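Protein chains in written order, with my numbering: chain A, 1 to 321; chain B, 1 to 263.
Worth double-checking, as some hints may not be accurate.
[Said to hold, decoys possible] 25 Å max Cα-Cα, derived DSS-like pairs, lysine-lysine:
{"id": "1", "chain 1": "A", "residue 1": "Lys14", "chain 2": "B", "residue 2": "Lys2"}
{"id": "2", "chain 1": "A", "residue 1": "Lys95", "chain 2": "B", "residue 2": "Lys179"}
{"id": "3", "chain 1": "B", "residue 1": "Lys179", "chain 2": "A", "residue 2": "Lys91"}
{"id": "4", "chain 1": "B", "residue 1": "Lys3", "chain 2": "A", "residue 2": "Lys88"}
{"id": "5", "chain 1": "B", "residue 1": "Lys2", "chain 2": "A", "residue 2": "Lys30"}
{"id": "6", "chain 1": "A", "residue 1": "Lys121", "chain 2": "A", "residue 2": "Lys39"}
{"id": "7", "chain 1": "A", "residue 1": "Lys150", "chain 2": "B", "residue 2": "Lys179"}
{"id": "8", "chain 1": "A", "residue 1": "Lys121", "chain 2": "B", "residue 2": "Lys3"}
{"id": "9", "chain 1": "A", "residue 1": "Lys145", "chain 2": "B", "residue 2": "Lys14"}
{"id": "10", "chain 1": "B", "residue 1": "Lys202", "chain 2": "A", "residue 2": "Lys91"}
{"id": "11", "chain 1": "A", "residue 1": "Lys88", "chain 2": "B", "residue 2": "Lys14"}
{"id": "12", "chain 1": "B", "residue 1": "Lys2", "chain 2": "A", "residue 2": "Lys133"}
{"id": "13", "chain 1": "B", "residue 1": "Lys202", "chain 2": "A", "residue 2": "Lys121"}
{"id": "14", "chain 1": "A", "residue 1": "Lys133", "chain 2": "B", "residue 2": "Lys3"}
{"id": "15", "chain 1": "A", "residue 1": "Lys145", "chain 2": "B", "residue 2": "Lys3"}
{"id": "16", "chain 1": "A", "residue 1": "Lys91", "chain 2": "B", "residue 2": "Lys180"}
{"id": "17", "chain 1": "B", "residue 1": "Lys139", "chain 2": "A", "residue 2": "Lys91"}
{"id": "18", "chain 1": "A", "residue 1": "Lys150", "chain 2": "B", "residue 2": "Lys9"}
{"id": "19", "chain 1": "B", "residue 1": "Lys3", "chain 2": "A", "residue 2": "Lys95"}
{"id": "20", "chain 1": "A", "residue 1": "Lys88", "chain 2": "A", "residue 2": "Lys30"}
{"id": "21", "chain 1": "A", "residue 1": "Lys145", "chain 2": "A", "residue 2": "Lys95"}
{"id": "22", "chain 1": "A", "residue 1": "Lys121", "chain 2": "B", "residue 2": "Lys2"}
{"id": "23", "chain 1": "A", "residue 1": "Lys145", "chain 2": "B", "residue 2": "Lys202"}
{"id": "24", "chain 1": "A", "residue 1": "Lys174", "chain 2": "B", "residue 2": "Lys86"}
{"id": "25", "chain 1": "B", "residue 1": "Lys14", "chain 2": "A", "residue 2": "Lys150"}
{"id": "26", "chain 1": "A", "residue 1": "Lys174", "chain 2": "A", "residue 2": "Lys150"}
{"id": "27", "chain 1": "A", "residue 1": "Lys95", "chain 2": "B", "residue 2": "Lys2"}
{"id": "28", "chain 1": "A", "residue 1": "Lys250", "chain 2": "A", "residue 2": "Lys316"}
{"id": "29", "chain 1": "B", "residue 1": "Lys131", "chain 2": "A", "residue 2": "Lys121"}
[To be verified] Calculated Cβ distances over 10 Å to all of chain A for the following chain B residues:
{"id": "30", "residue": "Ile7"}
{"id": "31", "residue": "Ile13"}
{"id": "32", "residue": "Thr17"}
{"id": "33", "residue": "Phe20"}
{"id": "34", "residue": "Ala67"}
{"id": "35", "residue": "Gly87"}
{"id": "36", "residue": "Val89"}
{"id": "37", "residue": "Lys95"}
{"id": "38", "residue": "Ser98"}
{"id": "39", "residue": "Met129"}
{"id": "40", "residue": "Leu182"}
None of these hints come from the bench; they were simulated from the model. All figures in this text were calculated on a predicted structure; none of them were measured in a lab. The beta carbon of each residue, even a glycine, is placed where N, CA and C say it ideally should be.
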Amino acid sequence: MIDVNSLCKDYTIKHKGAGLSGALKGLVIKNTDVIHAVKDLSFHIDEGEIVGFIGPNGAGKSTTIKMMSGILTPTSGSVLINGEDIAKHRKEVVKNIGVVFGQRSQLNWDLRLGETFELLKHIYRIDADAYDKTMSVMDDILGIKELLDKPVRQMSLGQRVKGDLVASMLHSPKVLFLDEPTIGLDVSAKYSLRKFIKEINRVRKTTVILTTHDLGDIQELCERLIIINHGVMMEDGNLKEITDRVAPYKTLVVEYYDEIAPHHEKCEIISHEGNVARYRFAKSDITAADIIASLSSEKAIKDVSIEEAGIDDIIKIAYGK
Amino acid sequence: MKKYLFIIKTQIIKSLTYEFNVYGNIIMQTIIMITSAYFWRALYSGRSTVEGVDADNMLTYVIISSALSVLLITNVERRIGRSVEKGTVACDMMKPVSLFWMFFAEDIGSIVALIFQNMLPILLIGSVMIKLPVMADIKDLPLFIVSVIESFLINWLIAALFGMTAFTAVNINALIQVKKHLIRLLSGSIIPIWFFPESVAKVLSSLPFVYIYQLPLSIYIGRGTRAEHMVQMQIQFIWLVILSALFFLVHNIVTRKVMVQGG
Numbered sequence: 001m002i003d004v005n006s007l008c009k010d011y012t013i014k015h016k017g018a019g020l021s022g023a024l025k026g027l028v029i030k031n032t033d034v035i036h037a038v039k040d041l042s043f044h045i046d047e048g049e050i051v052g053f054i055g056p057n058g059a060g061k062s063t064t065i066k067m068m069s070g071i072l073t074p075t076s077g078s079v080l081i082n083g084e085d086i087a088k089h090r091k092e093v094v095k096n097i098g099v100v101f102g103q104r105s106q107l108n109w110d111l112r113l114g115e116t117f118e119l120l121k122h123i124y125r126i127d128a129d130a131y132d133k134t135m136s137v138m139d140d141i142l143g144i145k146e147l148l149d150k151p152v153r154q155m156s157l158g159q160r161v162k163g164d165l166v167a168s169m170l171h172s173p174k175v176l177f178l179d180e181p182t183i184g185l186d187v188s189a190k191y192s193l194r195k196f197i198k199e200i201n202r203v204r205k206t207t208v209i210l211t212t213h214d215l216g217d218i219q220e221l222c223e224r225l226i227i228i229n230h231g232v233m234m235e236d237g238n239l240k241e242i243t244d245r246v247a248p249y250k251t252l253v254v255e256y257y258d259e260i261a262p263h264h265e266k267c268e269i270i271s272h273e274g275n276v277a278r279y280r281f282a283k284s285d286i287t288a289a290d291i292i293a294s295l296s297s298e299k300a301i302k303d304v305s306i307e308e309a310g311i312d313d314i315i316k317i318a319y320g321k
Numbered sequence: 001m002k003k004y005l006f007i008i009k010t011q012i013i014k015s016l017t018y019e020f021n022v023y024g025n026i027i028m029q030t031i032i033m034i035t036s037a038y039f040w041r042a043l044y045s046g047r048s049t050v051e052g053v054d055a056d057n058m059l060t061y062v063i064i065s066s067a068l069s070v071l072l073i074t075n076v077e078r079r080i081g082r083s084v085e086k087g088t089v090a091c092d093m094m095k096p097v098s099l100f101w102m103f104f105a106e107d108i109g110s111i112v113a114l115i116f117q118n119m120l121p122i123l124l125i126g127s128v129m130i131k132l133p134v135m136a137d138i139k140d141l142p143l144f145i146v147s148v149i150e151s152f153l154i155n156w157l158i159a160a161l162f163g164m165t166a167f168t169a170v171n172i173n174a175l176i177q178v179k180k181h182l183i184r185l186l187s188g189s190i191i192p193i194w195f196f197p198e199s200v201a202k203v204l205s206s207l208p209f210v211y212i213y214q215l216p217l218s219i220y221i222g223r224g225t226r227a228e229h230m231v232q233m234q235i236q237f238i239w240l241v242i243l244s245a246l247f248f249l250v251h252n253i254v255t256r257k258v259m260v261q262g263g
C-alpha cells in the first residue's frame with residue numbers, strides 16, 4: 001500500500017544574528033545552515049492499518065507526513081502509494097489520499113461548508129451517487145448535515161475539524177493522513193473524531209496514518225506505532241510489542257496498615273509514601289501473585305493494585321534516547 | 001476542465017461575500033477617473049490636438065482605462081504570497097489540480113464578479129459625469145477585444161511570475177506594490193507614453209507594459225492607423241509567447257522547491 005524508501009529531507013535555513021544588527025547583517029551576508037529534518041526513513045504500511053506516528057515536537061513527523069502526501073518533495077528517497085511515486089505523479093496520486101491538518105483548514109473561510117464540499121465534489125469528480133452515500137455515512141458518524149449551511153468563518157474549532165474530516169473523505173481516499181487532528185479539541189469532539197477514524201477504518205478499510213501528542217488517541221486507535229526523533233526512526237512495531245520490549249515491567253501498588261513496607265528480592269521499591277509502597281518488577285521474572293503471596297506472609301496487606309507500563313512510559317523512554 | 005469552471009463559479013460566490021469592499025473600489029476608481037479627466041481638460045485648454053489626439057478622445061481614453069483596470073486586477077501574486085506565508089499552500093497542494101490553473105480560474109472568477117460589481121458602475125459613472133465613451137471606429141471592435149484578451153494574459157503572467165518569487169522570498173508585499181506602480185507608470189494607463197520624451201517612449205514600446213493598457217486603448221480611441229495597430233499586436237503576441245515560456249520554465253523550478261511554513 002505505502003512504501004517509504006530511505007526518505008530524506010534537508011532544509012536550508014538562513015542563519016540570522018539576533019537583534020537589529022543581526023537582521024541588518026542578514027540582509028547583506030547570507031549564512032545558511034542545512035538542517036536534516038528527516039534522515040533515511042524506510043517503512044511499509046499495509047492496507048487497513050492504523051499507524052500512529054509519534055515523536056516530540058520538531059522530530060520530523062509533520063515533514064514526513066507532508067512528503068507522504070505530496071506536499072513536499074523529498075530531498076532523496078521516495079514514497080510509493082499503490083506503487084506510484086507521489087513526488088512524480090502528484091495530481092494522480094493525491095486522488096487516493098486525504099489529508100487533515102489539525103492546525104490549518106482546507107475549508108474556505110468565505111464560503112458555507114456545503115459550498116466547499118460542492119467545490120471538492122467537482123475537483124475530485126465525485127459522481128452524485130457516491131457523494132450522497134458518503135455524505136449520509138458522514139452524517140451518521142459526525143452529524144455533519146446540520147452544519148452544511150453554516151459559513152466556515154462562524155464555526156467553532158470542533159465543527160471546523162469535523163468539516164475538514166468530511167472534506168478529506170469525500171472522494172473516498174484509500175489513505176487518510178491526519179496531522180495532529182485532535183489538537184485543541186474538547187473531550188466530546190475528540191471522542192467523535194476517534195469514533196470517526198475507527199468507523200472509516202472498519203467500514204471502508206481506509207488506511208489511517210496519524211501524528212499526535214495525545215496518548216489517548218494512540219491507546220484507542222493505533223495498532224502500530226512508529227516513533228521518530230531527530231528525523232530518525234526509533235521504534236516501529238505493535239504497541240504491545242514495543243511496550244514489552246521498551247518497558248517490560250509492571251508496578252505493584254501495595255497498601256499496608258502502617259508505614260513499614262517489607263522488601264522483596266525480585267522487586268525494586270520505586271516509591272514509598274505513608275502506608276503505600278510501589279514495587280516494580282519484570283514481567284518475565286515473577287508474577288504479581290507470587291509477590292503478593294510472599295509479601296503478605298511477612299505483613300498484613302490492606303489493598304493491592306497493578307499498573308501496566310503505560311504508553312507514557314514508553315514515550316518517555318523512547319524520546320529520552 | 002469542468003473542475004476549473006466550478007472553481008470559477010465558487011470564486012464568484014466568494015467575491016459576492018464582502019460587498020463593502022466593492023463600494024470602496026468603485027469610489028476609488030471614480031476619484032482617479034474624475035481627477036484624470038480634470039487633469040486632461042486643464043492640459044488641453046486652448047489646444048485642439050496633442051500628438052494627434054484631441055481632448056474629447058483623451059477623456060474617452062481615461063474612462064476606458066478606468067474600466068480596463070478592473071479587468072486587469074490580479075490576485076494571483078497575493079494569493080501565492082499569503083498561502084506561502086501562512087503555510088496554507090499545503091492545502092492547495094493536496095488537491096488533484098494544477099496549482100496555477102486553479103489560481104488562474106480563481107482570478108477569472110473574481111473578474112467575472114467585478115465586471116458587474118465595478119466595471120459597469122464605473123462605465124456608467126464615467127458616461128454620466130464625464131462623457132459617453134464611444135469607440136472611434138466600431139469596425140475595430142474585434143481587434144480591440146483580441147488585444148484586451150492578450151493584455152489580460154500578459155498582465156496575469158507578469159503577476160504570476162512576481163507571485164512565484166514568494167516561494168523563495170516568502171514575504172513579497174513590497175514587491176507587489178513595486179510591480180503595481182511600475183505597471184501604472186510604464187503601461188500608459190494614466191499618462192500615455194506618447195507624452196514621454198521620444199527616447200523613453202522608444203524604450204517603453206519594446207517592453208511588455210505598454211501592450212497591457214496603451215495598445216487596446218489606442219485601438220479604442222482610433223489613434224494610429226490599422227496597419228500600425230497590427231504591427232503592435234504582433235509585438236504584443238510575441239511578448240505573450242515570451243512570458244508564457246518564462247512562466248512554464250519558472251513554474252517547473254518553483255513547484256519543486258515548495259516549502260511549508262509552520263507546524
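These are the hints, each one checked on the structure:
1. As the CA atoms of lysine 14 of chain A and lysine 2 of chain B are separated by approximately 42 Å, the hinted pair breaks the 25 Å bound.
2. At roughly 37 Å between alpha-carbon atoms, lysine 95 of chain A and lysine 179 of chain B are farther apart than 25 Å, so this suggested pair is violated.
3. Between the alpha carbons of lysine 179 of chain B and lysine 91 of chain A the distance comes to roughly 32 Å, so the proposed pair goes past 25 Å and is violated.
4. The straight-line distance between the Cα atoms of lysine 3 of chain B and lysine 88 of chain A is roughly 22 Å, inside the 25 Å bound, and the hint therefore holds.
5. About 46 Å separates the Cα atoms of lysine 2 of chain B and lysine 30 of chain A, which puts this hinted pair outside 25 Å; it is violated.
6. Distance check on the hinted pair: lysine 121 of chain A and lysine 39 of chain A sit about 37 Å apart at the alpha-carbon level, beyond 25 Å; violated.
7. Restraint check for lysine 150 of chain A and lysine 179 of chain B: not satisfied, since their Cα atoms lie roughly 38 Å apart, outside the 25 Å limit.
8. Of the supplied pair hints, the one linking lysine 121 of chain A and lysine 3 of chain B holds, its CA atoms being roughly 9 Å apart against a limit of 25 Å.
9. Taking the CA atoms of lysine 145 of chain A and lysine 14 of chain B, the gap is about 21 Å. The hint holds against a cut of 25 Å.
10. Only pairs whose Cα atoms come within 25 Å are accepted, and lysine 202 of chain B paired with lysine 91 of chain A is rejected, the gap being roughly 45 Å.
11. Between lysine 88 of chain A and lysine 14 of chain B the alpha-carbon distance is near 33 Å, which puts this suggested pair outside the 25 Å criterion.
12. For the hint pairing lysine 2 of chain B with lysine 133 of chain A, the CA-to-CA distance comes to about 22 Å; that is within 25 Å, so the pair holds.
13. Distance check on the hinted pair: lysine 202 of chain B and lysine 121 of chain A sit about 51 Å apart at the alpha-carbon level, beyond 25 Å; violated.
14. Taking the CA atoms of lysine 133 of chain A and lysine 3 of chain B, the gap is near 21 Å; set against the 25 Å cutoff, the hint holds.
15. Restraint check for lysine 145 of chain A and lysine 3 of chain B: the C-alpha separation of about 24 Å stays at or below 25 Å, so the hint holds.
16. For the hint pairing lysine 91 of chain A with lysine 180 of chain B, the CA-to-CA distance comes to about 33 Å; that exceeds 25 Å, so the pair is violated.
17. With a C-alpha separation of about 45 Å, the suggested pairing of lysine 139 of chain B with lysine 91 of chain A is violated against the 25 Å cut-off.
18. Annotation: proposed proximity of lysine 150 of chain A to lysine 9 of chain B holds, straight-line Cα distance about 19 Å (limit 25 Å).
19. Taken as a hint, the lysine 3 of chain B and lysine 95 of chain A pair is honoured in the structure, with Cα atoms around 14 Å apart against an allowance of 25 Å.
20. Distance check on the hinted pair: lysine 88 of chain A and lysine 30 of chain A sit about 32 Å apart at the alpha-carbon level, beyond 25 Å; violated.
21. The suggested pairing of lysine 145 of chain A with lysine 95 of chain A holds, with an alpha-carbon distance near 24 Å, which does not exceed 25 Å.
22. For the proposed pair lysine 121 of chain A and lysine 2 of chain B, the alpha carbon gap of about 11 Å is at most 25 Å, so the pair holds.
23. A hinted pair counts as satisfied when its Cα atoms are at most 25 Å apart, and lysine 145 of chain A with lysine 202 of chain B does not qualify at roughly 63 Å.
24. Annotation: proposed proximity of lysine 174 of chain A to lysine 86 of chain B is violated, straight-line Cα distance about 28 Å (limit 25 Å).
25. Our distance criterion of 25 Å between C-alpha atoms is met by lysine 14 of chain B and lysine 150 of chain A, whose separation comes to about 14 Å.
26. Distance restraint check for lysine 174 of chain A and lysine 150 of chain A: the Cα-Cα separation of roughly 29 Å exceeds the 25 Å cut-off, and the hinted pair is therefore not satisfied.
27. Only pairs whose Cα atoms come within 25 Å are accepted, and lysine 95 of chain A paired with lysine 2 of chain B is accepted, the gap being roughly 16 Å.
28. Simply put, lysine 250 of chain A and lysine 316 of chain A have alpha-carbon atoms about 16 Å apart, close enough for the 25 Å limit, and the pair holds.
29. Annotation: proposed proximity of lysine 131 of chain B to lysine 121 of chain A is violated, straight-line Cα distance about 47 Å (limit 25 Å).
30. A cut-off of 10 Å between C-beta atoms contradicts the statement that isoleucine 7 of chain B is not in contact with chain A; the least separation is 7 Å.
31. Non-interface call for isoleucine 13 of chain B relative to chain A: violated, since the shortest CB-CB distance, roughly 6 Å, does not exceed 10 Å.
32. Non-interface status of threonine 17 of chain B relative to chain A is broken: a Cβ of that chain comes within 10 Å, the nearest being about 5 Å off.
33. Listed as a non-interface residue, phenylalanine 20 of chain B keeps its Cβ farther than 10 Å from every Cβ of chain A; the least gap is roughly 14 Å.
34. The claim that alanine 67 of chain B is not at the interface with chain A holds, since no C-beta of that chain comes within 10 Å of its own (minimum 26 Å).
35. At roughly 6 Å from the closest C-beta of chain A, the C-beta of glycine 87 of chain B falls inside 10 Å, breaking its exclusion from the interface.
36. A beta-carbon of chain A comes within 10 Å of the beta-carbon of valine 89 of chain B; the shortest separation is about 8 Å.
37. Not every CB of chain A lies more than 10 Å from the CB of lysine 95 of chain B, the least distance being 6 Å, so the non-interface label is violated.
38. Interface exclusion of serine 98 of chain B from chain A breaks down, the closest Cβ pair being 7 Å apart, not more than 10 Å.
39. Every CB of chain A is more than 10 Å from the CB of methionine 129 of chain B (nearest about 33 Å), matching its label as outside the interface.
40. At roughly 22 Å, the least C-beta separation between leucine 182 of chain B and chain A is larger than 10 Å, which holds for a residue marked as non-interface.
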